[in-house]
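Student: Just so you know, the protein sequences line up as chains A and B, in that order.
Just so you know, the first sequence maps onto residues 4 to 67 in the numbering used here.
Just so you know, the second sequence maps onto residues 323 to 787 in the numbering used here.
What the hints contain is simulated information worked out from the structure, not anything from laboratory work.
Glycine included, each C-beta is placed from N, C-alpha and C at the ideal position.
One or more of the hints may lead you astray.
[What the hints assert, rightly or not] For each label pair, taking beta carbons as the anchor points, the in silico distance ranges come out as:
| id | chain 1 | residue 1 | chain 2 | residue 2 | range |
| --- | --- | --- | --- | --- | --- |
| 1 | A | R41 | B | T639 | 13 to 23 Å |
| 2 | A | L23 | B | T566 | 32 to 42 Å |
| 3 | A | D29 | B | R594 | 37 to 47 Å |
| 4 | A | L55 | B | G691 | 46 to 56 Å |
| 5 | B | A668 | A | Q58 | 12 to 22 Å |
| 6 | B | V688 | A | A18 | 39 to 49 Å |
| 7 | B | G716 | A | L59 | 32 to 42 Å |
| 8 | B | G532 | A | L55 | 15 to 25 Å |
| 9 | A | D29 | B | D379 | 50 to 60 Å |
Spelled out, the chains give:
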Amino acid sequence: MEETAPAFEPETYVAATAALLGVTLDDAWTTSIAANLRVLAAAAALLTDFPLPDQLEAAPRFAA
Amino acid sequence: MIGSPPLDAVSIAAAVTERRSSARTIVTETLARIERTNRRVNAFTDVLGARALSRADALDAALDQGAAAGPLAGVPFAVKNLIDIEGLPTRAGSKINRAHAPAQRDGALVRRLEAAGAILVGGLNMGEYAYDFTGENVHDGDAHNPHALDHMTGGSSGGSGAALAAGMVPLTLGSDTNGSIRVPAAFCGAFGLKPTYGRLSRAGSFPFVGSLDHLGPMARSVADLALAYDAMQGPDPDDPVATTRAPEPVMPLLESGIDGLRIAVADGYFARGGDPDAFAAVARVAEALGAGRRVELPEAHRARAAAYLITAAEGATLHLDRLRTRPRDFDPAVRDRLIAGAMIPAPFVERAQRFRRWYRDAVLDVFGGVDVILAPATPCRAPKGGQTHFTLDGVSLPVRANIGLFTQPISFIGLPVVAAPVWLDGGLPLGVQVIAAPWREDLALRVARHLERTGICTARIAELT
Chain A
4 MEETAPAFEP
14 ETYVAATAAL
24 LGVTLDDAWT
34 TSIAANLRVL
44 AAAAALLTDF
54 PLPDQLEAAP
64 RFAA
Chain B
323 MIGSPPLDAV
333 SIAAAVTERR
343 SSARTIVTET
353 LARIERTNRR
363 VNAFTDVLGA
373 RALSRADALD
383 AALDQGAAAG
393 PLAGVPFAVK
403 NLIDIEGLPT
413 RAGSKINRAH
423 APAQRDGALV
433 RRLEAAGAIL
443 VGGLNMGEYA
453 YDFTGENVHD
463 GDAHNPHALD
473 HMTGGSSGGS
483 GAALAAGMVP
493 LTLGSDTNGS
503 IRVPAAFCGA
513 FGLKPTYGRL
523 SRAGSFPFVG
533 SLDHLGPMAR
543 SVADLALAYD
553 AMQGPDPDDP
563 VATTRAPEPV
573 MPLLESGIDG
583 LRIAVADGYF
593 ARGGDPDAFA
603 AVARVAEALG
613 AGRRVELPEA
623 HRARAAAYLI
633 TAAEGATLHL
643 DRLRTRPRDF
653 DPAVRDRLIA
663 GAMIPAPFVE
673 RAQRFRRWYR
683 DAVLDVFGGV
693 DVILAPATPC
703 RAPKGGQTHF
713 TLDGVSLPVR
723 ANIGLFTQPI
733 SFIGLPVVAA
743 PVWLDGGLPL
753 GVQVIAAPWR
763 EDLALRVARH
773 LERTGICTAR
783 IAELT
């Protein structure tokens, strides 16, 4: 049976990750950073939803 | 000649080479024009009057003594202020960087243009650290669109577009990570070339996203673009991704026309999600080129998402120390995007890079059947200055994040593009991307030149009173 991941809570994640990164946040910034994270998470979901073969490696150069 | 219409680079080089004008006269008139108009458009952050006049005098003296004139003899140009200018800190649109030590020498492309006879006259306004599509800057003030001063120039090479549209210089350099040459070219009604990733050296410029950063020229004519592009080509060991290919000059091919070229319009993602005007501009160009065929760049929406993620993560990595120590010295909007970027889990970024490989292969397959693809440069005309949201296809979206939605999937895999300006009516211009396969800048420039010659795409100088 597939596990269900817990819901993503950007504000909580922002506070915890800022500590890991050594970035000191003003509380007033959290809403804006969380909003940006939501957009980034939606972008990431578009990619995790798209199947890629395990053998497909990132190209070190991007123009043929 | 003060007050006369500004000349293009080709005409200036011819006049100086044939001694119909001195380089000093050209530079003096250019500096006067900048002095008159910059307070209105705020394109320049640095004007190099003494240096430019000194270089002009040196060029005139060399020509007096019979030296051969370079292809850009006496052509004034200016560069986005993330490109090194000897003696100035490379501010890259930021407050923080202006405390850096002055650059020890000019950036590689400045040196190459000056070796061809061009004369640098200044540094240009830009969005902070190039993380911008608007041309707005909280530290230096916003660049204003010369065609409507209360509208955005587009960014992040906003000053580079505004300086052309205001007739201040015939040639500028910009950088393009996700659209930062093509967007201001479209909004300001100029031509811009984002070359193939790795084609032009980025040495001596302040980076943003190393795996996506390009430098390129902007101008009011396709011949000027090509002339500058040819002068800047060539390997450079100082840029780790610069190509080792020999220069492939385009100027000799520029008037070759479009006979035999297979030209198609990008469908799907590139045919929705924008104002009808954006698609009308593409349709006008397509009709002029006889391009009835439509092709789809598969999964372009995911390509845009991947570019968005990689940009945020790589940009944040570059700036993490500054985010730790001087977060209040950033533009708050840029800071918050970068901090969010620093928090992206690594697997998301690696996934985006692996998708990049898939998408590159898929798009190269498309180029097996076509030579050139047309797409809108932006989803709309230049928004008003300070505008935070716009409505696209009935959906309200943040302006900053979405102006580049049609440019990002193209630069994501390093394809060469010319942004060509289209004037549908009496209003502001739009841009069309003329996209070619890797290393085929010649095809994109040939098509753009055909569009210019037939009057479909033209750059205009704004009438600033």
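Student: Which of the numbered hints above does this structure break?
Tutor: Violated: hint 4 alone.
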